[in-house]
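**Student:** Each chain, letter by letter, is given below.
There are 4 protein chains.
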Amino acid sequence: MAGSSLGIIYRITTWGESHGPGLGVIVDGCPAGLSLNENDIQTYLDRRRPGQSRIATPRREADAVEILSGVFDGKTTGAPISLLVRNTSQRSGDYSEIAGYYRPGHADYTFDQKYGFRDYRGGGRSSGRETIGRVAAGAIAAKALSEFGISLTAYTKSIGPICIDPKSFDRDAIAETPTSMPDREASARAEKYLEDCMRSYDSSGGVIECVIDGVPAGLGDPVFEKLDANLAKAVMSVGAVKAVEIGDGIEVSARRGSENNDAFRMQDGKVVKSTNHAGGILGGISDGSRILLRAHIKPTPSIFSPQDTVNRAGEEISVSIKGRHDPVIVPRAVVVVESMAAITLLDALLVNAGAKMDHLKVIYKN
Amino acid sequence: MAGSSLGIIYRITTWGESHGPGLGVIVDGCPAGLSLNENDIQTYLDRRRPGQSRIATPRREADAVEILSGVFDGKTTGAPISLLVRNTSQRSGDYSEIAGYYRPGHADYTFDQKYGFRDYRGGGRSSGRETIGRVAAGAIAAKALSEFGISLTAYTKSIGPICIDPKSFDRDAIAETPTSMPDREASARAEKYLEDCMRSYDSSGGVIECVIDGVPAGLGDPVFEKLDANLAKAVMSVGAVKAVEIGDGIEVSARRGSENNDAFRMQDGKVVKSTNHAGGILGGISDGSRILLRAHIKPTPSIFSPQDTVNRAGEEISVSIKGRHDPVIVPRAVVVVESMAAITLLDALLVNAGAKMDHLKVIYKN
Amino acid sequence: MAGSSLGIIYRITTWGESHGPGLGVIVDGCPAGLSLNENDIQTYLDRRRPGQSRIATPRREADAVEILSGVFDGKTTGAPISLLVRNTSQRSGDYSEIAGYYRPGHADYTFDQKYGFRDYRGGGRSSGRETIGRVAAGAIAAKALSEFGISLTAYTKSIGPICIDPKSFDRDAIAETPTSMPDREASARAEKYLEDCMRSYDSSGGVIECVIDGVPAGLGDPVFEKLDANLAKAVMSVGAVKAVEIGDGIEVSARRGSENNDAFRMQDGKVVKSTNHAGGILGGISDGSRILLRAHIKPTPSIFSPQDTVNRAGEEISVSIKGRHDPVIVPRAVVVVESMAAITLLDALLVNAGAKMDHLKVIYKN
Amino acid sequence: MAGSSLGIIYRITTWGESHGPGLGVIVDGCPAGLSLNENDIQTYLDRRRPGQSRIATPRREADAVEILSGVFDGKTTGAPISLLVRNTSQRSGDYSEIAGYYRPGHADYTFDQKYGFRDYRGGGRSSGRETIGRVAAGAIAAKALSEFGISLTAYTKSIGPICIDPKSFDRDAIAETPTSMPDREASARAEKYLEDCMRSYDSSGGVIECVIDGVPAGLGDPVFEKLDANLAKAVMSVGAVKAVEIGDGIEVSARRGSENNDAFRMQDGKVVKSTNHAGGILGGISDGSRILLRAHIKPTPSIFSPQDTVNRAGEEISVSIKGRHDPVIVPRAVVVVESMAAITLLDALLVNAGAKMDHLKVIYKN
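Chains as they are written, first to last, in my numbering: chain A, 9 to 374; chain B, 9 to 374; chain C, 9 to 374; chain D, 9 to 374.
Pulled out of the complex, with its shape left as it was, chain A reads as follows (with noise of 0.2 Å):
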């Protein structure tokens, strides 16, 4: 099925797998007018790339993107944006191996149950290096954003049992921890943690945060269109999330209402909220105030331990998956939430500009 492309006017189609040829992704229905160039997307790029720190994987791929079409004169045409990047550290010969067994926590079984085989390469379509396209379109979306005063911020909240305390919040520690972490000290622990995960031939779980800011009031539609359920979908479509929670999440359904509703104020002349138990969304739709999500990943499924599993002949065997692998996928997912966030708010942007018959009669006055 055509399961690759995401976004109603804001549309991107991811393609390619981790030891083809490269991977890449068309952007489709930007708006004409935004000054891009290949800089504003390799910034996001490099956010995701292995290799940076002691507590990811060693390989090293430049990642480097090309801008093959859809800008001119350094800006979008309104025509389709396709960027590809090349794919050239694989390494086939890792993976050969694993042609023949199903890795616990991957979807190796599952792909071969839906179409009859796999390209068993590096995981081929279900790798990590999928979100190359997500993270590539996601930075298109966040400098349109940029533009209405949208701004995004991802970081990681917890890792295995380390969390961050939201008192020592450090905007600058994100880009400068391996862990992206706004808390350094907290960031240390969980590097240490990782260490620990590491010698035990194990990886870790953790929680990536993302809070959107500047966001008018009025995105998202009432019913299946709703903002908090785009973003739900977005971010659960990278692979390893297992939640995800909007606001205050799960610490609702304990709650009263008169504990979780949010008051109504003026302030400065504008309507504001109190408190923001509701993480800016309310009915499914933006109201102005800050929208804030949550995506809890799981552990790297790719851990040295032995573990049982099963064969295609059908036989019960005992594997220790070899090759490059984080312990802990977070940091490096970070820029992957933020970006789905960005596609997904984007295009609620776009497409509440049809809304009233108010916008329509500013656009096509006479």
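By construction, these hints were calculated from the structure, which means they are not laboratory data.
In this text the structure is predicted, and so the values were computed from the model without any measurement.
Among the hints, a few may not be true.
Treat identical chains as interchangeable: a pair holds within one or across any two.
To be verified - The calculated lysine-lysine pairs, modelled on BS3-like cross-linking and capped at a C-alpha distance of 27 Å, are:
id: 1; residue 1: K330; residue 2: K200
id: 2; residue 1: K373; residue 2: K83
id: 3; residue 1: K278; residue 2: K369
Given chain A's structure and the hints, the job is docking chains B, C and D onto it.
**Tutor:** Okay, now just chains B, C and D, sitting in the frame of chain A:
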């Protein structure tokens, strides 16, 4: 925007406001040849009906469904199935007051911001009655899925701090307790808790869990149309849901890979998993084991306790929400979550029919 | 498949069979704030109603439309607009005979092949009554377009060999002649021709032309969502249409470039074209001049003359179609073609709202 | 808007400009397990390549296709197939002049109106080179269709006033004549006609016909997704097409029902039609007989003769289009029309897989 539809092949479009002439749904893409009558649908609608216990609003509406198209000689014809439920118990007078201000926790403010005005009667389009269309479409989906051996069971997992004990799981209790809990003892405690909430003019949140059995491996697509991503969207699009978990959900973020991976093994000549932390989905595709998801529901925002808010004139006021409201949404939302899961599953099953040449050659054999 | 919907932002979903309880349409994505009442829609529906002259079937159906949702205080709310027309004049007995065989020129055989059986009453879903939903949705689209200075006029260009004389074009005649021709003299001749067809138990085809004025330049997209491509689909999706032309249509294939190109020139400070062979669309995008299209309609397939066919048992038989049938579909299809054009135009106008940053910055000005 | 995609299940997304780095297409939703290599696609691309005769532009481009994803071990994997053709022969200098004015018959003016500016090099996105992606996707579709016994044949039916004689139909001549006519004698006359056009600095239009054999009954949907409606859109979305006919097309409007209806009869135990005025489609659904369509193509708008137009400064000027241009688009567009038909057919075939419970039970048998 055309945001009232969901699904690719099994595509539903809901319409209607709580205080208009009626509500309904068009189910397009239902395969021809499915036995269907109004009772199949009414049974589901009756599960979401109010007025069935002291912990639910005393409104009594028959919510009788009429099939207007798409069924002939007791079978679906392949044409769109139009379902209509007339509103019979509207008391618009109850709501005239709220036209002028923004109820905390409701979508009044965001609708006004988005559209410039709103149908304020009973929440209009953001009313819980919008779920009538979802449940009617879910009933048909569940009936179709049952023909392939797939069954869904949703229930209340917790209300406020009261959680069921999985060891006491009693399937019959779901339909027999006013809380829709599969644990009569926990249900009794939850009822007491809710009575306490009502006495303090307050409300409660809760958690709904849904299990799906009999799903063949191979449903769902690898990238954006992952089965878990679509389940997350479908369930998050239900009014009061603030978090969605798949399988072990939020717990995976604190785990190690060796704890979280599900080993494969052979059983009766088939590949199975020894555990099911993944909740039946690997890489976005069903793996043949039980699918499990949870929805976290916020407390009913309409409470009698006084709350601070602002009116349309921009004045800060204090309000106490009148009208008929459930102290907890959860028990009535159980069938809604089950319906959203059924709709998503059936669509995935239909979409998957064209996934491989082998399938197609069986259908189009010469 | 979910094939009962059309449009991206202004998205309509029709449902209903000719002999079920009723027919209707959901109009989703209509901008909020458009004045709308049932009369706006009824006026259009009345134009497609049968029983208005001796060259139309003597069935008399009120086809009274009911707005079930999406309108509040006389204005669209942004919510889906559900429209219902109850069937009142079904005589199922008329059709029981055709259950067993395949009418030439009808969809009986193809429905049976596709779905395994069919609702044979009055053609079921392939009945001309399916266009009720189209026309109702077209009425709303036309009303919205009129707010932007866009108007549509469709009329009968020819019936059988009788063609209007463009020099005698009389707009009032469209509504006043039974043929919907804008030429009273040609209409009189066409009526005679149709009476002759009826006397010989036969029927006639014809051509409908539609002109659209006031369309701003810039609507439509460059590749697959070309405005002419979408008009072609919308119009070809009407039952009996076998060809669609844009502008000079089929005539361009015999021309030279120097004859066919439209020169640009200035008029009142605006760019205009000296001729309009292109029919108002260049490269799939409206160019600001009049849009013009034609639909070629086949003769009513239901004729009283005996015809050869086969029955469901595979026996060759001769049949003579009974029941109430128009000798020509064209006059009643005029409003259907106009409606399909309106639906397509409004969708293109809404989609175009997000085409460039300049538009968006006007809407989302800080 | 995301207008660069077409199809529901077999969904293609084209990208690229004539003078950017390259052009391509993503084919998403191709079933897994189809044998495919670059040569399958190159064969089709070579059919649309320029520089093959004296009646075509002397540009010579290899248009070598590279498969970047979606194929493994010589078979499609179910993942998106990304195809890239690098541009190698751009001479941007040729086009700098046209940046400042609007070529008659081209999309220069409408792009400027829609997007505020345009990539003026070689027509940018509205260049005929955009069809490279369509043809590449069509090659894959045609290969898949051939596995179900479906074959497509398109050819030039007429150029200017020169029409083929159906009695002299010679299938081999299509590939062997420079006009792609299946009639060598007519082709020779058409070449002479085109040489005359070139001498007078002019160009010619023409007609392309496409026949599709082996289509099973049942493809296409009854309302908006009619097979003929989708064929009309697909074909009308090709640059220079101004009219689309199905079956006898425009001729039906002057006919009587008794002439136009196709009688059913039995042949070898199967239901067949005695004639095929309908062109293989009844009620939007394939009827098992040959599908036939025609596209009317306008003359190449780029001609050397002087033409009146305006420049971006709003001054009336006279221009003579330089550069390398075919005097007729038709021969090279033959494979484009065939490709669009193949894409539409395959999508209809895939969509139909879920149309009835019987099909699904075969696939999902327990």
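**Student:** Can you give the numbers of the hints that this structure goes against, from lowest to highest?
**Tutor:** none
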